[in-house]
Amino acid sequence: MNYLSPERLERLAREYALGTLAGPARRRFERVLRKAPAAVRAVGAWQERLSGLAGAVPSMRPSESVWRRLEERLFVSARAVPRGPFQWLWGVLSVRALVGALAGVLLCVALLRFQPGLIGLETESDVLPQSYVGLLTDVEGKPTVLASSKRHGRLMTVKLLQPVAIPAGSVAQLWALPKDGSAAFPVGVVPGSGTGTVALADTSEALFFNVSRLAVSIEAAPAKAGDKPSGDFVLSGHCVKLW
Amino acid sequence: MAVAADVAQQPQALLERSLEKLRIAGCMGELGAPQRQALALAFYRGMVHTEIAEALGAPLGTVKAWVRRGLDKLKVCLEAAGIA
Numbered sequence: 000m001n002y003l004s005p006e007r008l009e010r011l012a013r014e015y016a017l018g019t020l021a022g023p024a025r026r027r028f029e030r031v032l033r034k035a036p037a038a039v040r041a042v043g044a045w046q047e048r049l050s051g052l053a054g055a056v057p058s059m060r061p062s063e064s065v066w067r068r069l070e071e072r073l074f075v076s077a078r079a080v081p082r083g084p085f086q087w088l089w090g091v092l093s094v095r096a097l098v099g100a101l102a103g104v105l106l107c108v109a110l111l112r113f114q115p116g117l118i119g120l121e122t123e124s125d126v127l128p129q130s131y132v133g134l135l136t137d138v139e140g141k142p143t144v145l146a147s148s149k150r151h152g153r154l155m156t157v158k159l160l161q162p163v164a165i166p167a168g169s170v171a172q173l174w175a176l177p178k179d180g181s182a183a184f185p186v187g188v189v190p191g192s193g194t195g196t197v198a199l200a201d202t203s204e205a206l207f208f209n210v211s212r213l214a215v216s217i218e219a220a221p222a223k224a225g226d227k228p229s230g231d232f233v234l235s236g237h238c239v240k241l242w
Numbered sequence: 000m001a002v003a004a005d006v007a008q009q010p011q012a013l014l015e016r017s018l019e020k021l022r023i024a025g026c027m028g029e030l031g032a033p034q035r036q037a038l039a040l041a042f043y044r045g046m047v048h049t050e051i052a053e054a055l056g057a058p059l060g061t062v063k064a065w066v067r068r069g070l071d072k073l074k075v076c077l078e079a080a081g082i083a
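Chains as they are written, first to last, in numbering that gives the first Met the number 0: chain A, 0 to 242; chain B, 0 to 83.
Excised from the complex, chain A in its bound form (with noise of 0.2 Å):
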């Protein structure tokens, strides 16, 4: 169709003006007027026609509230402007943040379950944790040692159920030896009585996985790695897992 005739260009271009040119109609009709020149100065000479219409009307200020309601229609980024004391609840619920949220609630949720020793908090629960636990007797038979660890732990704590003698200059070394019948290797230094913790090279799974017996020998000097005990053993008793 052609739209620049004369004829027709007129009957389009005030319709278009009056804006009752409308639906497909109004969109053809702007794509001819994004090309041809002829047809945007048929629209302007209407559109200065109909202004003069214009001014027959009385010059009205809109209320506060329509005002807005134009804007949130005409600029979407004059939606972001507060509508109420809530508003800004909605800004902070949005998809993502709430995402983000569950994702970090699951987080937590698998932590707890899983790994509740990353935080420091232990599955409270009637059974014992999973431990590596000594009961060492000396010679007598008499238990007087309780040494125990947590499986993945680090420390050890050690109960003396009685004093040991320990001579002035001297330690009561720990050790550990392993089941398959190789070289005991030294874990830490008990107290002579009373309660005490030793600090572990490894986690006790790392360290007692393979030792079926810890023991205790009186050396001049705590051990380091490689030693070997100087002496007999003063105590003795099996290491078990406990679980």
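Treat each hint with caution, since some may be false.
Quick list of in silico lysine-lysine cross-link-like pairs, BS3-like style, CA-CA up to 30 Å [what the hints assert, rightly or not]:
no., chain 1, residue 1, chain 2, residue 2
1, A, 34, B, 63
2, A, 158, A, 141
3, A, 240, A, 149
4, A, 141, A, 223
5, A, 240, A, 158
6, A, 34, B, 20
Honestly, the hints are just simulated from the structure, not real lab data.
Use these hints to put chain B onto chain A, whose structure you have.
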């Protein structure tokens, strides 16, 4: 005391604008009532043909004809009045 000149507020310009308004009002007055009404609803209310037809309770074809003839007359009248 000197007062800054405002061209739009000069008596001549004010008179021209008043006359123009009068001529436009006159041209609108020359239109038939239905045509004037249809144009007014389109221009002042932003209505399209179907909405005008609904508002005036008239058939769509009739409304289109009112608008068309109204614009025809308005153009002739404004050109005769030397406005457009």
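For this structure, which hints from the list above don't hold up? 6
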